[in-house]
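Using the sequences and the hints, build the whole thing.
Next come the chains, spelled out residue by residue.
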Amino acid sequence: GESVGLHLPTLSVQEGDNSIINCAYSNSASDYFIWYKQESGKGPQFIIDIRSNMDKRQGQRVTVLLNKTVKHLSLQIAATQPGDSAVYFCAETSGSRLTFGEGTQLTVNP
Amino acid sequence: SAVISQKPSRDICQRGTSLTIQCQVDSQVTMMFWYRQQPGQSLTLIATANQGSEATYESGFVIDKFPISRPNLTFSTLTVSNMSPEDSSIYLCSVGRTGAYNEQFFGPGTRLTVL
Numbered sequence: 044g045e046s047v048g049l050h051l052p053t054l055s056v057q058e059g060d061n062s063i064i065n066c067a068y069s070n071s072a073s074d075y076f077i078w079y080k081q082e083s084g085k086g087p088q089f090i091i092d093i094r095s096n097m098d099k100r101q102g103q104r105v106t107v108l109l110n111k112t113v114k115h116l117s118l119q120i121a122a123t124q125p126g127d128s129a130v131y132f133c134a135e136t137s138g139s140r141l142t143f144g145e146g147t148q149l150t151v152n153p
Numbered sequence: 106s107a108v109i110s111q112k113p114s115r116d117i118c119q120r121g122t123s124l125t126i127q128c129q130v131d132s133q134v135t136m137m138f139w140y141r142q143q144p145g146q147s148l149t150l151i152a153t154a155n156q157g158s159e160a161t162y163e164s165g166f167v168i169d170k171f172p173i174s175r176p177n178l179t180f181s182t183l184t185v186s187n188m189s190p191e192d193s194s195i196y197l198c199s200v201g202r203t204g205a206y207n208e209q210f211f212g213p214g215t216r217l218t219v220l
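Protein chains in written order, with this note's numbering: chain A, 44 to 153; chain B, 106 to 220.
Simulated from the structure, these hints should not be mistaken for laboratory data. Don't take every hint at face value.
[Claimed, not checked] Straight-line C-alpha distance at most 30 angstroms; calculated DSS-like pairs for lysine-lysine:
no., chain 1, residue 1, chain 2, residue 2
1, A, Lys-99, A, Lys-114
2, B, Lys-170, A, Lys-111
3, B, Lys-112, A, Lys-85
4, B, Lys-112, B, Lys-170
[Unchecked claim] Examples of chain A residues toward chain B, derived with CB under 8 angstroms:
no., residue
5, Glu-58
6, Phe-143
7, Gly-146
The beta-carbon is built from N, C-alpha and C at its ideal position, and this holds for glycine as well.
So, in structure tokens, the structure goes:
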């Protein structure tokens, strides 16, 4: 039978702009929150993680913010480049498993 | 990070047949995981494959449908049995360290289409 895929939330930005990708979570007992990047035809690639007792962590061109009060996680990408075009997934760990959230399709326009 | 390869990279199979997917890592790892990613969707954990013990399956996944082997610390297989079109997905393996489930690294995936 025909399979129908869900339409991912999308974000379209101009090259050089900053991007902000958001994620809501529901598990208050999560230990870590992680952002993955998945390019077409590839497996997810680890970008950055943040421990649940932190509210901000910075990497190279990326910053993750965690707001536990409203259970919200965001990924900020500075000076977005065409190579940043991909699907971005948030994920969380609690216990012995990694649970993925809904992805966001980021498109960077030249 | 570990280098992970999967075979086959893609396959088209007939309904009712089975396919075994291989996952090979270039270093010894304690934890290996298998995920399914249905078209346009996120990843769902199928099972955790531990060397020397039975795989641990998540709710909704059973051993008869998805038997897993983990003969050593660098290799695992996932079999998709008695396939139907609903099994068309990308199947991914990942590796990690015990207690560090936030640090998982993924293989490139196997894209399966069932006709």
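**Message:** Please verify whether Lys-170/B and Lys-111/A have alpha carbons no more than 30 angstroms apart.
**Reply:** violated (38 angstroms)
**Message:** For Lys-112/B and Lys-85/A, compute the direct alpha-carbon distance and say whether it is at most 30 angstroms.
**Reply:** holds (13 angstroms)
**Message:** Please verify whether Lys-112/B and Lys-170/B have alpha carbons no more than 30 angstroms apart.
**Reply:** OK: Lys-112/B and Lys-170/B at ~19 angstroms, within 30 angstroms.
**Prompt:** Would the stated hint for Glu-58/A survive a check requiring a Cβ distance to chain B of less than 8 angstroms?
**Reply:** Given a least distance of 26 angstroms, the restraint on Glu-58/A is violated.
**Prompt:** Any CB of chain B closer than 8 angstroms to the CB of Gly-146/A?
**Reply:** Result: holds, 6 angstroms to nearest chain B Cβ.
**Message:** Does Phe-143/A hold up as a contact with chain B if the rule is Cβ-Cβ below 8 angstroms?
**Reply:** Hint holds; Phe-143/A Cβ to chain B Cβ min 4 angstroms, cut 8 angstroms.
**Prompt:** When you check the alpha-carbon spacing of Lys-99/A and Lys-114/A, does it fall within 30 angstroms?
**Reply:** holds (14 angstroms)
Hint violations for this structure: numbers 2 and 5, all remaining hints satisfied.
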